[in-house]
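Going down the list, the protein sequences come from chains A and B.
Mapping to the numbering used here: the first sequence position 203 is 203, numbers consecutive.
Mapping to the numbering used here: the second sequence position 53 is 53, numbers consecutive.
None of these hints come from the bench; they were simulated from the model.
Everything numeric in this text was worked out from a predicted model, so none of it was measured.
Ideal Cβ positions, reconstructed from N, Cα and C, are used throughout, including at glycine.
It is possible that some hints are incorrect.
Just so you have them, the derived chain A footprint on chain B, three or more residues with Cβ under 8 angstroms [stated by the list, open to error]: (1) 34 to 44; (2) 67 to 74.
Computed list of lysine to any residue pairs in SDA-like fashion (alpha-carbon distance at most 25 angstroms, straight line) [claimed, not checked]: (3) Lys32(B) <-> Lys168(A); (4) Lys108(A) <-> Gly9(B); (5) Lys32(B) <-> Ala15(A).
Listing some non-contacts, in silico: residues in chain A with all C-beta distances to chain B over 12 angstroms [as the list claims (entries may be wrong)]: (6) Glu52; (7) Ile64; (8) Gly75; (9) Thr132; (10) Gly183; (11) Gly207.
Listed below are the residues making up each chain.
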Amino acid sequence: MKSIFAPITLRNSVALVLVSFVGWWLWRGLLPFASPAEALSGAAAHYVNSAEIETGARNVVAAILYDYRAFDTLGEITVTFAVVTGIALLFSARTLKVSKEGLSSLAKRGMALMAPFILLYGASIVLLGHLTPGGGFQGGTVLATLAILLCIVYGTGKRGSQMNFKTKDVFESLGAMLFLGVGLVGLVLGTGFFSNLAIGYPQWTQGSIATGGHIPVLNVAVGIKVGVGLSSIFFSMAKVLEVGEDDEL
Amino acid sequence: MSEMTIQMGFATSIILFCIGLFTIVSKRNLFKTVIGLTLMEGGVLLFLVIVGYIPNAVPPIHPAMAVMTNPLPQAFTLTAIVIGACDIALALALIMKVHRHYGTVDIDKIRGLKG
């Protein structure tokens, strides 16, 4: 008998029973915690109350990610870097084969019209990350989407989207080193790793783009890193799909 | 009223988690296993954001009229989303190499092969 979701075998029936038991157990365990709190408490209250004064940024999430807990963000971009290195190692083809033409000329014209606006949108999300919702991660994803769109629409042939891979490696390392360099400035000057306003960065009027200390610089570094990293994951896999069955990898 | 909202949010995240868990266990195609992993990660991250909810609160951007929601779960969820995307990419890359080596992505057939 053919079922829609999964074939009805003994293994699937036992799995269904066990998974529903897990679901019931989780519900019973989490139900006492479903009462809403009235106000913030602990570290969150301190971050919300003093983010604008201590860091100069209005986006409290950006202040947490790049000032109070910047060390965790450093760990996160290290994980991204390690994953991109692993994928590039798995698919280390040396040349980009000329085999795809891209889409029709109508699609290419449309993409040529839209690409500057998408670039502007991604850059504004990255640069205004300390004032409005957004930041390095979100804007970097938009920039990676732009790179993937260019590769799909224009193809990877000689006349298509010319991607120089050495430039890409340089930019990815640049993003990571910029992040670490900004953190080390505090260490060198004696105020602590990743310290922000204690160093004495100048601040202009509240709510303008030149506030927040080193938070805009860290946003740009993370935006470069995430954008280049995610698009290079895509390019590593796209190279594989064109290499063919008889090539060694 | 808002307690009911939070309970429905908890229930949604638990249901997503269980659907992902069932997909990982019961599907034979390795790509569908990765889809189940994505669903499980989505359920856990949804739960993480719901924990920081305060009734009648505004997002944590500074010209604020009312009490703000908890910004700490939102910050950690951002990091976790990026790490989740990266580990899904690595899992898919490994499945592509498995296909190149064994010629199939059916896990029952792969278990029977030796080397």
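**Request:** Compare the structure with the hints numbered earlier in the document and write down the numbers of the violated ones, lowest to highest.
**Result:** Failing hints, ascending: 1, 3, 4, 6, 7, 8, 9 and 11.
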